[in-house]
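J.: The chain contents come next:
There are 2 protein chains.
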Amino acid sequence: MERKRIAVVGVGLIGGSLALQLNEKGLASRIIGVEASDTHAKQALELGLVDEILTMDAAIAASDVVILAIPVDSIVEILPSILDKIDQQILIDLGSTKSALVANVDGHPKRKRYVPAHPMWGTEYSGPAAAVRGAFENKAVVICNPEAADADAVEWTRNMFRKIGMHLIEMDAHDHDLHAAYVSHISHITSFALANTVLEKEREDQAIFEMASAGFESTVRLAKSNPNMWVPILMQNRENVLDVLNEHIAQLRKFKSCLEKENWEYLRELMEDANRIRRILG
Amino acid sequence: MERKRIAVVGVGLIGGSLALQLNEKGLASRIIGVEASDTHAKQALELGLVDEILTMDAAIAASDVVILAIPVDSIVEILPSILDKIDQQILIDLGSTKSALVANVDGHPKRKRYVPAHPMWGTEYSGPAAAVRGAFENKAVVICNPEAADADAVEWTRNMFRKIGMHLIEMDAHDHDLHAAYVSHISHITSFALANTVLEKEREDQAIFEMASAGFESTVRLAKSNPNMWVPILMQNRENVLDVLNEHIAQLRKFKSCLEKENWEYLRELMEDANRIRRILG
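Residue numbers (the numbering used here), protein chains in the order written: chain D, 187 to 468; chain V, 187 to 468.
These are computed hints drawn from the structure, not numbers from a lab.
Any given hint could be a false lead.
No copy labels: a pair is met if it fits in one copy or bridges any two.
Unchecked claim - Only pairs whose alpha carbons sit at most 25 Å apart, straight line, appear in this in silico BS3-like list of lysine-lysine: (1) K211 <-> K349; (2) K387 <-> K325; (3) K387 <-> K440; (4) K325 <-> K190; (5) K190 <-> K349; (6) K387 <-> K442; (7) K190 <-> K298; (8) K228 <-> K190; (9) K325 <-> K211; (10) K325 <-> K349; (11) K190 <-> K296; (12) K190 <-> K211; (13) K349 <-> K298; (14) K296 <-> K271; (15) K271 <-> K190; (16) K271 <-> K298.
One chain only, chain D, in its complex shape (with noise of 0.2 Å):
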């Protein structure tokens, strides 16, 4: 692959990451950024993220490649401007929703540039402290609607995370974010919730979390994660959303139910179709 001169707009977490594996792939010939926060363009240059920090429309002039690694509801707000400024640039973005942001831009003249994407990685942290190296092998990228994008551009998406290591999955925006909700939006949302049972109660019991153990720490520590993201993901995608927190509660209400009616043979089968889940994760 040629390299190219790539603009990525928001080195946090997610840019940032994005950023050390282009670089280490010999993909980019120059990476610059684009940064809101002036402590993060200084951050984002000290620890060699990228090349030069520049304003938004500098960088989309001096760019092949525009990548969007900013909260969905920034990247909804400014799709359409982007792409009025673009000329033959590829646009990407890495949002975690991906319906609004294809709808916002439908019969946009320049559509046929963007390739709407979402790398499955993230952590509980942000900025571009955050940013960790070979943070997307072997994890994988939904590419979503690649027939509404020109073949060059959705080819060279293809290429550039089939580089940094990652496996290909494409479908529709619709049903990315159905499956969004399942396997990620909901996790956050449990997370949050459980984080605050469990903060309440400390409030009139300080020794609570003496006790607190690795199994705690798995099932909360998605409760670290910043409010600027995940508000706007449970905007943009809150019909789903809402589908499967009811599924969950109801979920949770035939636990609550076994363990009023004392019916521990329920509570088995329960757990058992619940052990089922290590087919998946092995």
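Model the placement of chain V on the given structure of chain D, informed by the hints.
T.: Frame of chain D, contents of chain V only:
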């Protein structure tokens, strides 16, 4: 510490991991396994977890210390009969609940030889092959009602846990069960229920797990846990677990209400509240 002959009853995940540590730290002159399952008994010998397998009675007679690492329904059932057979041995259990166990030997003439303990470590796997070297290091262990046991028994137990790298917490059995409901038992229920939520959907949509990422795995991995261990824990800690489960469902309903009413300000507040868990998890 003088090396002792130690009987480990139940050489699975917990008993097997403890046996490895007792050997490594030079705490045992001999480790005797007691195992209901012939397969597990054979594995425990092959893996070198124990020096020999004996029947319960022979093991008690041949030991200075007896450690119970079996499901809590079995512990509560056999505790009195084991105390009946004990002379000056120390009896320790490692169960995840404490109140029912302690209550069941209240007033027993040998009660003072019994030290109830709960090492805050485990994984979602079980059996001798799941035993982990160095498992308990830097983890917490709760010793309950130390004033109810002989000083020599408590002191030896404290030293054993310190030698294998654990830090001690001491509290009343009822406080233990309340805290365990919050920082361990509820996490297992949320994981079981989350697994069932997604597995239910998978029936109609096979592709749903293709996108599963580390965040999902983290919140759902406890759903692989063994019902033989977890049904009895929830049975014995039923009232505390019901309280926490009700609170957790109430917390989830707050998220649901935000989504239904599109109250994004309050959703942000809930997430910011949950972010305070950073103080605990680091």
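J.: Are the hints correct? Go through all of them and say.
T.: Okay, the hints, checked on the actual structure:
Taking CA atoms no more than 25 Å apart as the test, K211 paired with K349 passes inside one copy only; the shortest distance there is 7 Å, against 47 Å between copies. For a Cα distance limit of 25 Å, the shortest separation of K387 from K325 across copies, 22 Å, qualifies, whereas the shortest one inside one copy, 37 Å, does not. Taking the shortest Cα distances, K387 and K440 sit within 25 Å of each other both inside one copy (24 Å) and across copies (16 Å). For the homomeric pair K325 and K190, the shortest alpha-carbon distance inside one copy (23 Å) is at most 25 Å, but the shortest distance between copies (49 Å) is not.
Only within a single protomer do K190 and K349 lie at most 25 Å apart by alpha-carbon distance; the minimum there is 14 Å, versus 57 Å between protomers. With identical chains, the CA atoms of K387 and K442 are at most 25 Å apart both within one copy (19 Å) and between copies (21 Å). When the C-alpha separation of K190 and K298 is checked against a cutoff of 25 Å, the pair qualifies only within one copy, where the shortest distance is 19 Å, while the shortest distance between copies is 75 Å. Proximity of K228 to K190 under the C-alpha cut-off of 25 Å is restricted to the intra-copy arrangement: shortest distance 23 Å within a copy versus 60 Å between copies.
For a Cα distance limit of 25 Å, the shortest separation of K325 from K211 inside one copy, 16 Å, qualifies, whereas the shortest one across copies, 40 Å, does not. Taking the shortest alpha-carbon separations for K325 and K349, only the intra-copy value of 12 Å comes in at or below 25 Å, while the best inter-copy value is 40 Å. For the homomeric pair K190 and K296, the shortest alpha-carbon distance inside one copy (20 Å) is at most 25 Å, but the shortest distance between copies (78 Å) is not. Taking the closest pair of Cα atoms, K190 and K211 come within 25 Å of each other only inside a single copy of the chain (12 Å); across copies the shortest separation is 57 Å, beyond that limit.
When the C-alpha separation of K349 and K298 is checked against a cutoff of 25 Å, the pair qualifies only within one copy, where the shortest distance is 23 Å, while the shortest distance between copies is 65 Å. In this assembly of identical chains, K296 and K271 lie within 25 Å of each other by CA distance solely inside one copy; the values are 9 Å within and 83 Å between copies. In this homomeric assembly, K271 and K190 come within 25 Å of each other (Cα to Cα) only inside a single copy, at 18 Å, whereas the closest approach across copies is 78 Å. When the C-alpha separation of K271 and K298 is checked against a cutoff of 25 Å, the pair qualifies only within one copy, where the shortest distance is 14 Å, while the shortest distance between copies is 80 Å.
Going down the numbered hints, you'll see the structure goes against none, and every one checks out.
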